[in-house]
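Protein chains in written order, with my numbering: chain S, 35 to 145; chain B, 1224 to 1334.
Simulated from the structure, these hints should not be mistaken for lab results.
Wrong hints could be hidden among the right ones.
[Claimed, not checked] Simulated crosslink set (SDA-like; lysine to any residue; CA at most 25 Å straight-line):
# : chain 1 : residue 1 : chain 2 : residue 2
1 : B       : Lys1321   : S       : Leu94
2 : B       : Lys1321   : S       : Thr54
3 : S       : Lys43     : S       : Glu119
4 : S       : Lys75     : B       : Gln1283
5 : B       : Lys1260   : S       : Phe61
6 : B       : Lys1294   : B       : Lys1265
7 : B       : Lys1321   : S       : Gly50
8 : S       : Lys56     : S       : Gly35
9 : B       : Lys1331   : B       : Ile1286
[To be verified] Simulated restraints on C-beta separations:
#  : chain 1 : residue 1 : chain 2 : residue 2 : range
10 : S       : Gln90     : B       : Glu1228   : 39 to 49 Å
11 : B       : Ala1263   : S       : Leu94     : 33 to 43 Å
12 : B       : Ala1302   : S       : Lys52     : 49 to 59 Å
13 : S       : Leu145    : B       : Lys1291   : 26 to 36 Å
14 : S       : Leu89     : B       : Ala1263   : 45 to 55 Å
15 : B       : Lys1292   : S       : Gln51     : 16 to 26 Å
16 : S       : Gln90     : B       : Ala1334   : 20 to 30 Å
[Unchecked claim] Facing chain B, from chain S, some residues (calculated, C-beta under 8 Å):
#  : residue
17 : Tyr82
18 : Ile84
19 : Thr85
20 : Phe136
For glycine and all other residues, C-beta sits at the position ideal for the given N, C-alpha and C.
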Amino acid sequence: GGIITQTPKFLIGQEGQKLTLKCQQNFNHDTMYWYRQDSGKGLRLIYYSITENDLQKGDLSEGYDASREKKSSFSLTVTSAQKNEMAVFLCASSVGKNEQYFGPGTRLTVL
Amino acid sequence: GEKVEQHESTLSVREGDSAVINCTYTDTASSYFPWYKQEAGKSLHFVIDIRSNVDRKQSQRLIVLLDKKAKRFSLHITATQPEDSAIYFCAVNTGNYKYVFGAGTRLKVIA
């Protein structure tokens, strides 16, 4: 079995701040994803990476940057945090177009 | 782009009864339809999926039906148990690596 870890678990930022979220997986999966989950809503895809050195925009990429540093890690940067923003950011990985394995999430609050 | 509608936002069933959650999608090219479960305070985990080359799949108490003509798929949970209480998300993959998720159905199994 494997595991996905996300750091930090809770992130509190100030308006306009640049914030970075990190994700690590030891499944040896090629494909990794970043999603945003707002309360009462489904997941929205921010960025994904099919293989190491690949980066693809999802439907919600504006305001975010991503980086696939190596096969096991995928980072997400909020380029300028929005006041009163509250959401959970979920990282996932998969073998190709198959079931995704999700991390525990990073809960973001912007003051 | 693809749109996914998850028809039931909440669903209550008595323990032992069946629960049915329905999703519809818009893109006829969609080919992979996974379902995920999110228990209170936890992240998502995969429960069952179906691909477009079949119209029915069963895994223990879970059955997924796919109607490609109607662009509809459904999750049937038979003989429900209290531990089935959770939020269930349908998702659609259109053939690339992007997924669109439904808004989620909160299932409550009443003892």
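Hint check results:
1. B:Lys1321 x S:Leu94: holds (12 Å)
2. B:Lys1321 x S:Thr54: holds (23 Å)
3. S:Lys43 x S:Glu119: holds (16 Å)
4. S:Lys75 x B:Gln1283: violated (28 Å)
5. B:Lys1260 x S:Phe61: Measuring from Cα to Cα gives roughly 20 Å; hence the hint holds.
6. B:Lys1294 x B:Lys1265: violated (30 Å)
7. B:Lys1321 x S:Gly50: violated (29 Å)
8. S:Lys56 x S:Gly35: holds (21 Å)
9. B:Lys1331 x B:Ile1286: Holds, at about 18 Å.
10. S:Gln90 x B:Glu1228: 39 to 49 Å: violated (25 Å)
11. B:Ala1263 x S:Leu94: 33 to 43 Å: Given about 25 Å between the Cβ atoms, the range is violated.
12. B:Ala1302 x S:Lys52: 49 to 59 Å: holds (50 Å)
13. S:Leu145 x B:Lys1291: 26 to 36 Å: Violated, since Leu145 (chain S) and Lys1291 (chain B) (Cβ atoms, about 48 Å apart) do not stay within the stated range.
14. S:Leu89 x B:Ala1263: 45 to 55 Å: violated (34 Å)
15. B:Lys1292 x S:Gln51: 16 to 26 Å: With Cβ atoms ~50 Å apart, the hint is violated.
16. S:Gln90 x B:Ala1334: 20 to 30 Å: At roughly 45 Å between Cβ atoms, Ala1334 (chain B) and Gln90 (chain S) fall outside 20 to 30 Å, so the hint is violated.
17. Tyr82: Holds - the Cβ of Tyr82 (chain S) comes within 8 Å of chain B, reaching about 6 Å at its closest.
18. Ile84: Cβ of Ile84 (chain S) sits 6 Å from chain B, so the hint holds.
19. Thr85: Hint violated; Thr85 (chain S) Cβ to chain B Cβ min 10 Å, cut 8 Å.
20. Phe136: Holds - the Cβ of Phe136 (chain S) comes within 8 Å of chain B, reaching about 5 Å at its closest.
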